[in-house]
Each structure stands twice: as structure tokens, then as C-alpha cells.
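Trainee: Protein chains in written order, with the numbering used here: chain A, 1 to 368; chain B, 1 to 310; chain C, 1 to 538.
If you are wondering where the hints come from, they were derived from the structure by calculation, not from laboratory data. Just so it is clear, the structure is predicted and the values come from calculations on it, not from any experiment. One thing to keep in mind: the hints can contain errors.
Unchecked claim - Derived coverage of chain B by chain C (criterion: at least 3 residues anywhere in the stretch with Cβ under 8 angstroms from a Cβ of chain C; other residues may be distant):
| id | stretch |
| --- | --- |
| 1 | 87-97 |
| 2 | 175-185 |
What the hints assert, rightly or not - To give an idea of the chain A side of the interface with chain B (calculated C-beta under 10 angstroms), a few residues:
| id | residue |
| --- | --- |
| 3 | LEU175 |
| 4 | ILE299 |
| 5 | PHE333 |
The C-beta atom is built at its ideal place from N, Cα and C for all residues, glycine as well.
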Amino acid sequence: MTVSAPVVSDIASGSRRLWALRERSLGWLEELLPTLAAILISLLLFGVFVALAGQSPLAVYAEMYRGAFGTWFSIQNSLLRAAPLMLTGLCTALPARLGMIIIGGEGALVVGGLAAGAVTIPLHGAPPAVVIPAMMLASMLAGGLWIGAAGALKILRGVNETISSLLLAYIGIALFNHLVEGPLRDPASLNKPSTPDIGEANMLGNLPGMDVHWGLAFGVVMCLVCHLLMEHSVFGFAARMVGGNPRAARLSGLGVPRLVILTCCIAGAAAGLAGMVEVAAIHGKANASLLAGYGYAGILVAFLANHSALGILPVAVLLGGISASGGLLQRTFGLPDAAVNVLQGILFVVLLGSQTYRGRVKLRRSPR
Amino acid sequence: MSDPTVTLGLWGVPLAILGGALRVSAPFLFVSLGECITEKSGRVNLGLEGTLVMGAMSGYGASLWSGSPWVGVAVAGAVGAAFGALHGWLCGRPKVNDIAVGIAMMLFGIGLAFFLGKPLIQPTAPRLPALSLGFFSDIPQVRSALQVNALFLAGVVLAPCLRWGLLRTRWGLILRTVGESAEAARAMGYDVNRVRLWATVAGGVLAGIGGSFLSLFYPGSYNEGLSSGQGLMAVALVIFARWDPVRCLYASLLFGGATALGPALQSVGVTSGYYLFNATPYALTLGIMILSSSAKRTSVDLPAELIAQR
Amino acid sequence: MTASAAASDASDTDTSAIVARVKPGSLEPPRLTAKNMSKRFGDLLALEDVSFTLSPGSVHALLGENGAGKSTLVKCIMGFYRADRGQILVGDSEVQVSSPRDARGLGIGMVYQHFTLVENMTVAENLVMARANLPAILNWKAEHAAIDAFMERMPFRIAPSRTVRQLAAGEKQKLEILKQLYLGNRIMILDEPTSVLTPQEADDVLGMLRGLCQNMQLSVAMITHKFREVKAFADEVTVLRRGRFAGTGRASELNAAQLAEMMVGAEPPASSITRSSRTSTPAALLEINALCANDDIGLPILKGVQLHVSPGEIVGVAGVSGNGQDELVEVLAGQRLPTSGQLRVNGKPYVPRRDQMRRERVRLLPESPLRNACVAQMSVSENIAFRSFDVPPFCSAGWWLEKSRMKQRALSAIADYSIKTQSADAPIGSLSGGNVQRAVLARELSDGAAVLVAANPCFGLDFAAVREIHGRIVKAREGGTAVLLVSADLDEIFALSDRIVVMSEGRIVYECDAAKADLAEIGQHMAGHSSDATHAAE
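Looking at chain A on its own, in the form it has when it is part of the complex:
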């Protein structure tokens, strides 16, 4: 053992570390490249589309950026629209980690909103410190029940969870409409049947210093909590085992049914909370305005984020930004605000198509 050996091994370990760092960053790039390419291609396609409609694509892009993230106002607008998507995205993303495809977020949202509105009726006159948590709890319970039912049907009777969650969504929406126009209807709401107004005091105010309501915080916190849950908790570890290989999960003695149903309940609770936010932060009552398609958009948010709770945050903000820029596009270029729906549609389709290339990009030198 000569004196020079430690020096050599130092250099070797230093360059090994550098190599590892390079490999890791290239690995990140490999994963993100298809997504970045897809976003680029979508923008190009949309640009062609816009040009055909007689406008300059670059001007449109610039205005979209302005409308989405260009000013503080537009950023807040984007965040506002992103908030419900964060919650409904979780509704699909969480069960997907366990290998289940749930698309009933729309139903969970409306029953959650209904429950939130309904619970204020017996609590009429109670202080907000009681009513608001009650609304949150009621909405999460209702939503959790709805999606939990789909999970239970899968476990107990083997019913395909995609179909059952869709059917339950329809049933939930029908129930919602029935109750809103019937037993829970506010007699004062003639033109648009709604549940009684929850009262100004019980509305979710804005976040300090912002024009965005607390629903955003709910969304962000819920995503962070779910991220912690899935990546750093015992429950999430067990859930990922079940999603990764149910046979191995059984071999380790895990109770698969319990994990499945619990995860579905949490997913439904998130969507239910989105309903509560719509009621308590935007409308003040539960009515047909809740049926805005957030549930379906949430499905896409989940897939685009690859079902990662953290990934949902940027995806939701991106989609919120696109949707926020719609109004500006209409005013500036006379483009119908459906233009942003077209961009969203192109983006979704191209991004989904790009998933084929996931795992096929090879930048790193080392064998994977």
C-alpha cells in the first residue's frame, strides 16, 4: 500500500461522483424530454391552427403568456382555476398508484359540494369556526363514500372500477340535481335552483395578500399531504407495493382490500373537498354551476402528472394558466374562448401520445 494510493482513490471517487451526477441529471432529462417535446409540438400545432384562423401565432403566444403568467393579476387568475384541478387530479392519481383507473371525480365533486351546502342548513346561525370545518368534513365524507364505493365493489365483487366509478358519477349527479331542485332547495332561488346560501360569513375568504381564495391553499396542502403520504409514509409504501405487484404485497402479508378501499376514500375526499371549495369560495350555494367539468379535467391532470401528487401541482397550474388566458385571447384577438379548449385538447392528445416514448429515450451512457 503506497502513499499515492489514497490520492488516486480520491480522484477516482471525485470523478465517480461527477459521473453519477451527470448520469442522474441525464436521467431526469430522459424522463422529461418526451413531455417537453410534446408541449413544444402542441404549441406548434396550435400555432398552425391560430394562423389558419387569421392571427399571428407569435402574437397569440405572447398574449397567452401575458394572460396566464404575465401579470400578477393573471397569475392569480391561473392559480384560481388551478385550485379545483389539484383536488380532482388527486381523485384519479391516488388510486392509479394502486393500479386502479377511477374516473368518477365529477360525481364525487358534486356530492361533496352538495354535502357542504346541506350541512349549513341545520347549522344555521353557528359561527364560521364551526360551519367551515363542518362543510369540509361533510364534503370529504360524501366524496370519500362515493369513490370508496367503487373501490369496495372492485374488492368485493370484482366490478371494473372505471365503469363503476363512471356510473356512480352519473348517479351522484342525478341525486345532486334531484336534491338541489327538490328537498334541499332554497325557496328563494327561483331562476336557478340552489341550496340555501351558506351566508357571507361562512364563505372562504382570500389568502392574505392575494385575490385568490383559500381553496388554493386546500389544493396545495392536499397535494403535499398526499405526496408525503404516498412517498414517505408507511401507508403509501404499502400502497405502492400493492400497485406495483399485488402478489408481492400479499407475500408480505399486507391487507390489500383495506389499502384499496382506504385509498379510494382519500381520493374521493379530495374531489369532495373540491366541491366544497366551489360552494364556499365561489358560489355560496350548491347548484348546477358545480357541474363545470373539473372532474374530467382532473383525470387528465392526473395522467399528465404521471399520477404523482407533486406533479399535479405544476400541471394544474399550467392548465389553469391556459384556461385563464382564454378571456384575454377573446378580447384581444376576437378568438372565441373555446380556443384555449382547443389548445388544451391538442396538449392533452399530444402529451398522451408522447407517453409512448417514455422510457425509450436514451441519453445516458450507462446501461439502465
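Using the hints provided, position chains B and C relative to the given structure of chain A.
Mentor: Just chains B and C now, with coordinates in the frame of chain A:
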């Protein structure tokens, strides 16, 4: 319909249901037949709502431009084929999830339709002609209830033809094999993805035509609230009909009649339960699925490949 | 014997009226000869210089244990593999079979262990679909009539309008056979055709085959490991062992002992453990009492398994795979629910739940570890933590994962067990088979196991890995672990076991001390043969 009415009393209800069934069920019929074909091949197309709306818009626009509603129908079908082709092509690629693609296509189709269709809201396009089956009656309500359209009749004829085709033609047999066992089909040398692509295209054509019915017959104009989710409902309808084309016909009539039931009941003073009644088909479908599955095996009529991909 | 006699009686009366569905110009099935077939897969020599002749109209059994090369030989004939060396002759002319389509063109068909029928379609639809040329419009009436006419010539009939789902397993197997005949294949290869059938159905199907062969409608090559079937239904038998030819002869002239010797050899393999002859055996730690379970299609596969393992002993379960071993391990692993019977560990009833597994320190080393014991996308460090992620020190406050501690533990396991991996964070799916197994071993053995169930632990691994894993298992035994070793490899069984049992048809049929083991006896029991007269009459 602002015809002078004759008071019919309670008879108004079944008449309205019949009228509703005949009128409103056509889009359901076409979309569900299309989805039936697609699902028989083992693929789910959740994007038919977008195809439907695009069909409505493009059909209306084509009719306006060409002066003939039938050209509109043809164009709607072509547009539907294009959407179906995109869906089928995407889903055939590895690692692409067909549920997500369906939802994406739905949003894309609706967005595109709304965008392109803005100039179509005002003008009136030539509409599909109606055939008055109620010619024998003097009562205006009867006459208006029994107004049908040739397209609807085409659909009624199409349903048993499709059933015949699935059972008795080579294509039907191949389609069903692909939907029941992709492995067996591959072993016999059939290109599973290509069969599914064609099935999805066929589904798109029918959905587009179904959409054109909305804008060219009933309600008969184009606007953004035209579709009330018929595209997505058709997926449930196909399950309710246990993947059989003729049962799709009956189910479409049922669903169509159900949507007319509410207003009809309201007109005779029954006001509550409208939505719950509308939800019965879905609850029934869910019930059937629960009963016919077990923790070990799923239902028999379900094309096996539909769930195998999950 | 009576079943096959009855079958041949039936076919005799049919012979006079039959004109079999033939390829134009031939009356009997051609002779099929495979000469000097060799096939190597990387390091593994699956077939070496094997020759085999299927005479027209005969039933030829291919006998051997797992890994003997029967499957490989047959797949070369069918065109799934290309043999490295050797010739295939049909009749007198050499043929090239480079794909299953070529085989079909030569009139060679194969019936697999799993059904290839489409469940939700009718018998007629399944048969018609299998044809190469389909008419554009199908006249089902005519097709049904044609199928009925075809079935007239067969000793077995199935109504064309029945749905496959409604058929019993035996009927499905017969339908698979009929399908081959319907397609005009005259040479039929069957892979363990009776594995999913009841004994009654097995006799039925094999009797039918024998009848068809005697009528010169068919030649059959049948892969089997059951002596009873060889003796009752085969004309000739060829035995393979370790990829080599081990013997051939007429089934009527060979007895069970001779067959056993050809199948497993004469000398028991060497043992690698010092077997202490114990005067008193400690009380059983793992007891399996009258365990019954059903397989995936609902048929009974475990029919009252009775077994016990004491601490500090290795019990080797020998047997040809497909006799319930997989299902037994699945029940022990909690991957399958038993229909009756009981498991006991340490004197108490045992259910494979996490709390009980932990308390009783029951550990498992299943086969195909990536499929059964690991999550491929999760990291090595996470996989190693599967047993312990929910207890301190790997979790705190009952819910927070201590990932750094998991990684530390993984790193020391990687060092201890020589797991070759890029890093502890690499997905375990990126490791080679041997290293995955090492990781699973590290997980299962590192905190001491009281009961270890190992199933084919070394399947497909290189020599070094095999030696290491065997060493670990022996070390566990020396530490007092009760080891249940299920293996289709007799070498492994003999190398490691203190006691050997044989599992056949869902039961333990034989038990002996390894030191006094009689290889021939074991071989015969593996093949379902026993000297007990009442058993043979079943």
C-alpha cells in the same frame, strides 16, 4: 311545437314518452351502436362526446354550405371517422392509456367544435326532412309525437343488421375474437391493433352521424348547449344493453323516453323525482354489473379484452 | 386398463363406417422423425443429440422430469425454436420447420396445457375461426351441419352451438384435440394434456386419443410424467433426462422401476449437508394439516396435504411441477386461500397475515422472485425493507418512513450477500435474476427466520449463485430454522434435504429419510406410481 293542443289529460304522458323516444333516442342509438362496435373489439372510446359535438357542428356547417342536409350527415360521418382514427391510432401505441385518450379526445372535440362553430350559431341550415307517421290522426300532439326522421329509421334498421353482421360475417367473427382474446386472435394471425382501429373508426362515423341528427333534426339548430352528455351516456348504455346492438336499440328508446318523461309528468302535475327517474338506467346498469360479477370472475357478456387491458 | 379397452371397443365399431378427414392422397398419418436434435440457450444445454421417432398411428409418450428437455424438443418440432443441430423428417423427406405456420402446413398441431379457446364464443365459432380461410358470410346452419358430420366420425361429440364457457375442463381439452383434427392435422403433440383434468376425464380423453390412433386418423406424441398414463395409453415411450436421451421402448415391455431409473437415474445425487442422525426429533414447528385448495379455474389442486417440518431440518418436497407445489407455496404465502385444512406454526393456528408472519418469523423465498416477491419499479433498498418498513427503526411515530435507515440496512445487505447492483436506489427490476434472489434472501433471512419456505430458489441461476443460496439455506438450518424446500430439481432436493417427501396429484404420497432414500422409489412416486394396488386402480 306550437301546434294548437287538444287536452289529452293523462294520455299526454305516454304520448310524450313515445314522441321523446322517437325523437331523442336517435343520437343515443347511433352513438351506442358505434361504441358497441368499438367495445366489441376490446377498446373503450370515452371521447365520443367530442365526436358527437364535432359531428353536430360539421354537419350543420356542411348543410349550410352545400344546401343539403344529407351532405351534412355525410360530412359529419367523415369527421367522426377522422376522430375515431386518431383515437384508434393513439391507443394502438404502446404505453398509451385508452381511458385518458378518450377523455382528451372528448375535451379536444368539444373545444374544436365550439371554436369552429361560433359562426354557425345564428344562421339556419337546411334540416333533415321529417316523415310524419302520425298522418292518420287528427290530434296535433299525436302528429307531432310521431314525427320521425329517415336517419332514425336508418338507425332502427342498422341495429339488427349489426347484430347479424357480428354473428354471421367474417368481419364480425374476427372483431369478436379480437375483443374476447387478443392472444387467440394474434395466434390466428390477425393484427389486433388494426382491427381495433377500424372498429374505432366505425364507432366514430356513427357517433358523428348521431351528432348531425342533433343539429339537423332535433333540436335542429347548432348551439353550445346542444349535447347533454349523450356521448358519455352511450358508454353506460352499451353496458346496459349487454353489448348487443338490438338491445342498444331498445335501451336507446328507453333512455330517450326517459328524458321526455320529466317534462311530460310535469305537465300533468307530477313534479318530483324527475332526476331520480333519469338515473334509473344507470343504477340498473350498475346493479346488473354487481350481480353478474363475482370476486373471482367478471360478467359473461363483457368482451373479455375490455378489462384485460387495465 | 378397462377404460382404454372400452375406448378401443368403441372405435372398432366405428372403423368400418369411417373415412377419416385426410389430406388428399394419404391414408395414414406420416411418420415423424427427429434426429440428433440439439439446442442451447446461452449457457444452458437444453437438448443434446436427442432422436425420436413417432410411428404412424401410435401414441408415443415423452417422459421426463422438469428440465429434461421434452418441452424444448417439442417446440423445435413445432417451429417455435430453431434447433442448433438436427433434422426433422416427415415421411421420408427432410423438412424445415421455422415457424408454427410451417408446422401447421405439414399437418402437425399442438395442444397446450392451457386452453387456447375463446371462452365466450361457441364451439362452432372457435372451430371456424381457427381455419385459415373464412368465407365473407358465414352460413352457420351449414357450418353446424358440417361440424356435426365431422363429429360423427369422432368418438366424442360436442354440440356446435354450446358456448365454450359451459364446457367442463375435460370437454374443453377434447375440443382442443378435435380442433386440431378439424384443421386436418394428423400429427398431434400434447403437452401434459391431463394436468387440468379429473382422473375420469383424463382416462376419457386419453382413451379417445388412443382410439383415434388405432384408426390411423392420428399419431400422438404426448409429454407426460405419469407412469400410469404411459402404461395405460402409450404404445412407445422415450425418456429424456437432462436434455439427453435416456431410453426408449415399448410401453408394455417396461415396468415402473425401469422407467424410474431412466427418468431419474440410478445413483442418488450427492448431499452437501452433514446429516446428523437424530435420535429424537423436536416437535414440529410448521404443520400443514389436511390442506385443500382450488386452482385458478376452480378445480381442486391440493387434496389434503399433510406435512410437518421441525426446527433445524430441511424437508424437501420433490415432484414434477404441476402437482400442486406452486399452489401449496401460494397458500403458505397468503397468495391463495385454502378451502379447508389448517396451518399451524409453533403449535398455534397460523394465517399468513403480516402480524403473524412477523411474530412467528415465517419467511418465504418464492420462485420467480420478480414476479412473486418484489416490486420491479421500487428500489433495491425499498424491496429489502418490505418486511420491516412498518416497525421501528425503519419507521417513526408509526407512520414516517426512515428512508436513510432503510438505505443503510440495504447497503449492509448488499455487502453481506454480494448483491451486484448499480446502487441501492436502482430499481430492483434492473438486477439480474441471481441478484434479485440474493436481495430477497437478504430480506428474508437477515433477522433470523424460524420457518423458511423456499420454492425452486435457484431456477435459472448461475452456478455461483446456486452455491451461495444453498449455503445460506443450510446455514439457516444450522441456526435452527425449519426449512420447507419445494423443488422440481431432484439434485437440489438430495443436496439439501434431511427428509424427502414426494408430492403428486395434490397430496404427499411418500416420505423417507434422505439418508436412506431409494431413488427409484422416489422416481416412481413422482410419476404417480405406487406399489399400493388400491392406488393404481383409481
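Trainee: Kindly indicate which numbered hints from before are broken by the structure, ordering the numbers from low to high.
Mentor: Structure breaks hints 1, 5.
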